[in-house]
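**Q** If you're matching them up, the sequences are chains A and B in order. Residues are numbered in the working numbering as their position in the first sequence, beginning at 1, plus a constant of 185. Residues are numbered in the working numbering as their position in the second sequence, beginning at 1, plus a constant of 430.
Simulated from the structure, these hints should not be mistaken for lab results. Note that the structure is a prediction, hence the values are computed from the model and not measured. Beta carbons are placed, not taken as given, at the ideal position from N, Cα and C, and that holds for glycine. Possibly wrong hints are sitting among the right ones.
To give an idea of the interface, some chain A residues facing chain B are shown, with a C-beta separation under 10 angstroms as derived from the structure [unchecked claim]: (1) P569; (2) V620; (3) L623; (4) K627; (5) F629; (6) F640; (7) L644; (8) S826.
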Amino acid sequence: MKTAKIILLSIGGLVVLAVGAAVAVWFNLEWIATEPRLKDALAQALTLTQPPEHVSLSIDNRGWRVKHIDLKISRFCTAVSDSSPLQGCFNDVEAAFSFKVTGIIHFELLDVGPLIVKSEDIKIIPPTKKPKPDKKPAEPFELGKYLSIAKNFKVSGVDVQLPKTTIENAGKISTASLTLTAPTSDLFKLVGTYSIPKGIQARVNIEGMSYESGATPLTLQFEVKDSWRATGVLKGQIAWAGPSLSLDGSLQGKHLVPWLETIEFGALSIHWDKTLTVNSKFGVNIVPQEIEPKGQIKSVLPPATLLAKFDGTVDIKEVPFQDKTKYLFHVILGPNQTRGIILHADVEGELPLALKRADIEARVPDFQKVVKSLKGTSAAIPAPFNVMTGQIDLRIGSSAGAVAADRINFKIPVAFNTDLRSTEQTLILTSSGTVESLQQGKEFKIDGGTEIKSFKFTLPNFDPLQSNVSLKRDSRIQSEVAIAKAQIKKEVKANPPPSKTKVSYRWKISTIPSGIRIFHPFFDPYAPMTFNWMLASDGNEGKLTIEPFDIQYLNRTAKVHNFFYQLTPGEKNAHFEGRLVIPKTEYTIFLDVVELGGKAKLTLESSPPLSEDDIVSVLLFNQTTAELTPDESSSVANTQSAITNRALGLFSIWALSSTPIEAVNYNPASRVYSARVKLANGLTATFGTDWETSQEVALRKRLGSNFVLSTIFETDKNNTESKKALIEWFKRF
Amino acid sequence: MVSKSNAVRSAGVGIAMILAAGGCATNHDQICGERVRFEYKKDHGIDFNRNEMLLVCGDPKTESWKLIPLSQSEFSLRQFLRNRAYFDPQFSLEKDSSGDETLVVDPGRIARSTRIDFVGTPAGFDRVRFRNVIGEPLNSDLLDRIQADTIARLKLMGYACPDVDLSAIQETGVITATVRSGPKYVFENPKLKDAFGIYPEVYTRFQAFREGQEFTYPWIQLTQSRAELDGIVVSSQISYQCPLGEGSTHEFTSTPAHLEPEQQVIGGAPRLLTIGAGASTEEIPIFQIKWKSVRLDQFGSSLLASVYLSHRNQKAQFTYSDYLFRYVPRLSLNPTFTFEHRNEPIYESSEFQVSTPLIYKADYDTFALTTSLGPALSRVYSTTYGIDLADTYLSLIADLSLMSHEYELYQADPRSGTLLTLNAESLSPGTSFHPIATDIKFRGTHLFKLNDVEPHQWVFGLRYGFSTTVTSAKPEAASILPAQYYQVLGGDNDLRGFGRYELNNGTIGALSSGFMGTEIRYAKSLPVWMEPFAFFDVGALGQNVFALNGALYASPGLGLRLSTSFGAVRTTFAHGYVTNTDSARQELSHFQFFLSFGKEF
């Protein structure tokens, strides 16, 4: 018992002694923080090349829990080492502050000052050694857990001047300067610059600070110069309770990205209170975008430019998400108008990218405004569309629904509608579908369809007796550049690079019955077509049907019947067939075309039935072969030969049947077809390049109508042989 | 600078303009009102057709195509110029004081072909070089023409189903023709679609090829032409299918692929009336009326009645060509009645003749042989130098002709080939066969292409002939033989430096004659179809059988052939020379001019 008492008393004595010692030390910290010890600590922390002559620490006890510490270090210089990244000399460093013990290991900062740091040139070279992989990373130090700032926190006598600090990091050198002065809490000024040799220069200027009412107003100015430029002035305050930061002002950027002229965030409001909230209006001037038809040689006409200025609002809010942070954004663009196109976008989502809602609309309320706006430019709306009026709408997304399934997988509805009309033409269609992102953006799926409700198109009034008009290049003649490109394309096609993003699509294009109507003076009243097509990444399929209509030319009529062109998945060749009915005086001719092995096969029938040569004869000359002149018969035979050799298509035959044919020639040797046609003025026109050539070897040259030029070879009594040419008129009966 | 026209041009209007004032080197023209102006560095122009103008300038009659933006006009013009081998046109814009814009177009340099590389051609293809393809505008027409010529040449070489792909580089003008000739084929007898009531074998009469012979496309053309020229049908077309496809590289194995040709004929009405006209300085004018009835029986026999009228020769002839056997379709008996009146410088004669020649025609790989043999009974009335002769003769006439297919096919545009003829007529007075004279004529013509180019360019011709009358009757006015059985020279047919039959030994002719002529012609190279030629003819007469003696007649000269689309017109201008002779015959030396229509060397 006694022993126990002795032990208890001893322990109690020791505790009292320890507490007493601790209290004694607490009130006399200078016992521990002696100048030699401070010097040693400094020498361990830095690689001193010039140790300070004096290091003094003054600790003032201002009550039971409050202390004021004033550290002064005379000039010292350091060098870079493994343990110290700092190199340079500091003159007369002084740091004074007061704090209050508010918990077992929690302190409250009451004031700072004087704080004097003045240096000459400083170099900072961060260590490049990586931590050992088996070493567990240290818990991040959270200052807020141990230190808070007092409500009546005051600053005085702050004078920090770091005129030139060079930072070398992984071979990249940047320089910075910092001047921080705060004689009192109301006069706070921070000027900082940061630059790298390639030209980025940032300048931050913060002025004004008050902690009197728990909030410190401040002004933040910065300027970044490079090939791009950013400037900004933000004013606001720091509420130390919390703490929180509120800033209002504006930011401007120039040429931040190549196509961006300027971007300005006006009415910018930034608030941070453990989470960040940003609200701003913005205006964007983009570098004028030229519209040039793709793949074409640059036009001599000035390019059309699109949309120079957008404006809108952006709101960003930081929210915790599981154990991380995400930022919700809401961007509203426009409505903005350019060249008659009104753009409006309303997009909500979060960063990292996840789209929650998108509603992007491009609307043309008056198509003629677009036409007039682009007039005189290289992107002028071409004829025959440039006479149309009406509207066009393109909408991506919708105002109603959320589109996000999860994170970056989204599904956006798209719609495209036109209602264009003119006296002769219409283009009325509606399209709707969806664009879906799958597999975290690795796959895109497009689904939808377009219904052509009315497409009336007027063809130019071409004269079939004139030469063909070809706006298509002869692919046989190429430039060297085009050949090289084609070769590269070929090689790429042969060895396509692995695609990171897979895109699949199914888009149905359909018309109502006879929804497409092609107008031309020859078509009576028009060529109606019905179109039903599926464009799909795994193979197209569909059917184009030409509904019955009449073709009239030079008072001759042909009826187009049951034409269709059909593509079926898995089949090598598209299937097509159709019938052209040509009524003649006493006969009706049926020209049938059908796909056979990928090629068109023509068959000729008639009512009442005729032989094939009689059908051709009736087609060309409106009478059977028995009634033909020799010249006409020859034309019939040539035409038959051309049909057999597939040198003549269906509509070529009709054209011949509708044209006052004088003679037809087909040269199977060269597979060239040519014809001579009577013109209204009594002249003749020749089609095909081979007319003269093909006539050269003929022993009877056809001169026209019943006339031929015959080369006669005969023998007479005196001359043995005689060759003569006679112009002859023929008549068979 | 002065513009020629401000009006919208219609189809086919040329834009070639000449700006003479001030010697300025730039020419210009305006189209589409004043919206488009062409400026040329050189004096040349471009034609646009009406359809192209619609796309460039618009169509004021069509609301939808009324307004063509300048950019669209520029786009269309670029394509149209490209189609014309202007690959680098320069465009600029001009704005006048009222703000109206004009599109100024400098078409730039026209690209021309510089070389053709043939790839994959079979051996022998390169022997012939295509002409008129280097230095030509590099456009689709040129490539189409090269393609057609290449295919035609391959078909000539036996490759019935070739295919050719063409490509061209616009900067260098180099054209590459990739040829897939496919295998060589052989001829097969075509399958007739409709024989028009006669035996199908009849049509083989015109066949210029034999089954199993190597395919040569022009022989098909010749076959077709023969049938049409004969008049048995109005049209004959032979077509074939390519069993392996065009340009197939598949080679024949043990069983060769077949072309399976089909012959399609159009018979037309069986009677044919032909009225013709022609002219030459030797016979002005020429009229001919023919009436022919074909397909008289299943053997393809025909009846021909013809009247030939010129100031030299008037002839009426009735011939019944009777084909005797179905399976020997080339053999015919040809009973003929002829009345002929001739009015030549040295004699005038009228002759009634009944003959029945048996004619057989045969075709070999590259030539045709025609033989004819038969008796003839003639009643001849002739007047020579005022002496009248009237007599009846019984003759045996034999003809042999060997004509190459090339010669036959290209008669209207001679370039190559051979013709050899041998004629013999043995003449007996009265109605019994006791010959008093045998007239023998041999003649040859050869044409050569001097340079292997297509189309042909330098054509060399050689013709020669030897004729003799084996008789004891001297050639004199009082001869018992009609004058036309003696040998004369002169005229467009042999010695072009002398008039028609001018070389007659001063009497009615000679017992022998011989000649040789050469001609070199520059063809298909000059504008307006001009084909100049130079020639040299030489000949001699002989007073004895099978012998030439006495004067040598020569006639160098120049000529011009106009190969118009209405037929060939030939003129020759030559000087006749007489050597080694007396002064009387020197009078024969003179200039001689001939103009003929359709006559060839």
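**Q** None of the hints should be skipped; say for each whether it holds.
**A** For each hint, the structure was consulted:
Given hint, P569 (chain A) at the interface with chain B, holds; its Cβ is 3 angstroms from that chain's nearest Cβ, closer than 10 angstroms. Taken as an interface hint, V620 (chain A) does not check out: its beta carbon lies about 32 angstroms from the nearest beta carbon of chain B, beyond 10 angstroms. With a cut of 10 angstroms, the hint placing L623 (chain A) at the interface with chain B is violated, because the nearest CB-to-CB distance is about 41 angstroms. Hint on K627 (chain A) is violated. Least Cβ distance to chain B is approximately 40 angstroms, over the 10 angstroms limit.
For the restraint placing F629 (chain A) at the interface with chain B, the shortest Cβ-Cβ distance is roughly 34 angstroms, beyond the 10 angstroms limit, so the hint is violated. With a least beta-carbon distance of about 13 angstroms to chain B, the hint placing F640 (chain A) at the interface is violated under the 10 angstroms criterion. Because the beta carbon of L644 (chain A) sits about 9 angstroms from the nearest beta carbon in chain B, less than 10 angstroms, this interface hint is met. With 10 angstroms as the threshold, the beta carbon of S826 (chain A) comes within range of chain B, its nearest partner Cβ sitting at about 5 angstroms, so the hint holds.
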